[in-house]
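*Asks:* Sequence:
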Amino acid sequence: MEPARTPLPEETVFDLASLTKPLATTLALMVLVKEKKLRLDDRVTRFFPNFGVHRKMHITLRQLLSHSSGLPAWRPYYQEIASRETTQGKVSFLSSRIAREFVYTQLQREKLEALPGQQTIYSDLGFMLLGAVIEEVTGLGLDQYCWDKLFRPLGLYSTAFINLEMVRRHKLRPILERFAPTEFCPWRKRLLCAEVHDSNAYALFSTVDDLNQLVSCLLACYRGEHMLLPSALVREFWTRDGNVPGSTWALGWDTPSPQQSSAGELFSPRSVGHLGFTGTSLWIDLEQQVHVIVLSNRVHPRRDNESIQAFRPVLHNAIMRVVLGESDQYPVVSEKED
Numbered sequence: 002m003e004p005a006r007t008p009l010p011e012e013t014v015f016d017l018a019s020l021t022k023p024l025a026t027t028l029a030l031m032v033l034v035k036e037k038k039l040r041l042d043d044r045v046t047r048f049f050p051n052f053g054v055h056r057k058m059h060i061t062l063r064q065l066l067s068h069s070s071g072l073p074a075w076r077p078y079y080q081e082i083a084s085r086e087t088t089q090g091k092v093s094f095l096s097s098r099i100a101r102e103f104v105y106t107q108l109q110r111e112k113l114e115a116l117p118g119q120q121t122i123y124s125d126l127g128f129m130l131l132g133a134v135i136e137e138v139t140g141l142g143l144d145q146y147c148w149d150k151l152f153r154p155l156g157l158y159s160t161a162f163i164n165l166e167m168v169r170r171h172k173l174r175p176i177l178e179r180f181a182p183t184e185f186c187p188w189r190k191r192l193l194c195a196e197v198h199d200s201n202a203y204a205l206f207s208t209v210d211d212l213n214q215l216v217s218c219l220l221a222c223y224r225g226e227h228m229l230l231p232s233a234l235v236r237e238f239w240t241r242d243g244n245v246p247g248s249t250w251a252l253g254w255d256t257p258s259p260q261q262s263s264a265g266e267l268f269s270p271r272s273v274g275h276l277g278f279t280g281t282s283l284w285i286d287l288e289q290q291v292h293v294i295v296l297s298n299r300v301h302p303r304r305d306n307e308s309i310q311a312f313r314p315v316l317h318n319a320i321m322r323v324v325l326g327e328s329d330q331y332p333v334v335s336e337k338e339d
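Take the sequence shown: its position 290, counting from 1, is numbered 291 in the numbering used here, and each next residue is one higher.
Derived from the structure by calculation, the hints contain no laboratory data.
Some hints here could point you the wrong way.
[Said to hold, decoys possible] Simulated DEER-style distance windows between Cβ atoms:
| id | residue 1 | residue 2 | range |
| --- | --- | --- | --- |
| 1 | Ala221 | Ser269 | 15 to 25 Å |
| 2 | Thr7 | Asp305 | 30 to 40 Å |
| 3 | Ala221 | Asn306 | 30 to 40 Å |
[What the hints assert, rightly or not] Derived BS3-like pairs (lysine-lysine); straight-line CA-CA distance at most 30 Å:
| id | residue 1 | residue 2 |
| --- | --- | --- |
| 4 | Lys150 | Lys38 |
| 5 | Lys35 | Lys150 |
| 6 | Lys150 | Lys37 |
| 7 | Lys112 | Lys38 |
Given the structure is predicted, the values throughout are model-derived calculations rather than measurements.
C-beta: ideal position from N, C-alpha, C; glycine also.
I would like the entire structure built from these sequences, with the hints used as guidance.
*Replies:* Below is the structure:
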């Protein structure tokens, strides 16, 4: 797959990277709120009493969802885990339950970079913590819970997390030809394919067809036409959080920024979306009832190709001009632009 070009059919499976936040973690929390197993204003200490150290006692699930908890953006937990795997000779430690518990313990010990509710810090750590809350409440791994409650009931059979422990035990064999590879990982020393790109966290894998079905279902819930989630709950999660001055974040979802939004200039202010580092994105215009899904592996074979930052708004503008009747031609991407 490197350096030769490989065609990507519609059924290609992509690493969604941070689209996992709205499409797995946030949706799982919405189901738990619907079932009254937790509340948005529950404190994290309800689930993890030790989390309250270092002024974190009052942080709520709502603040984690809106990236206003004050937690740091990121920490290289994987380095310590990889070091233990190397020094202890345990080839499965990296993907084990013990490794996950190590990460959750480190999360509880973190110090804040801002007071809760005062400013926005886009935090991977906050969503890792939300995943831990889901597992604590349900007694299931995030992957299993999402499969049982979301993906399987909706018939999304190409959408799942890849369990590395099962892969290493040869109980799971992904069909590599169906997956878009990501980058050559310097610390794993291999090209990643059917293996999560993120060094620290879970990532969801899916196809454009499955995501189209999932987003269509969420829009139907928003309109009150589907029973997966109540309309009022979806609307609450898709409303920008007004508690933090200047924040564009809703609950688990972003909204268009006033200037230079990746959604372009034609998505309405009543839109929600999210980006993924691997080259994925999703924007939903609630006013026009239109959604645009972009799946790419822009990090292949290296992450230094950042042309997608300029490409996304151009693509979204071109699509929305057709939707709004300002153009009758959908954009075509040539190989040179690709």
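*Asks:* Against each hint, give a clear statement of whether it holds in the structure.
*Replies:* Hints versus structure:
1. The hint said 15 to 25 Å for the Cβ distance between Ala221 and Ser269, and at roughly 19 Å that hint holds.
2. Taking 30 to 40 Å as the suggested C-beta distance range, the pair Thr7 and Asp305 does not conform, at roughly 20 Å.
3. Against the hinted window of 30 to 40 Å, the Cβ-Cβ separation of Ala221 and Asn306 comes to about 36 Å, which satisfies the hint.
4. Between Lys150 and Lys38 the alpha-carbon distance is near 14 Å, which keeps this suggested pair within the 30 Å criterion.
5. Annotation: proposed proximity of Lys35 to Lys150 holds, straight-line Cα distance about 12 Å (limit 30 Å).
6. Of the pairs offered as hints, the one joining Lys150 and Lys37 holds, with about 15 Å between alpha carbons and a cut-off of 30 Å not exceeded.
7. This hinted pair checks out: Lys112 and Lys38 have alpha carbons roughly 28 Å apart, not beyond 30 Å.
Hint 2 alone, counting from the list given before, is not met by this structure.
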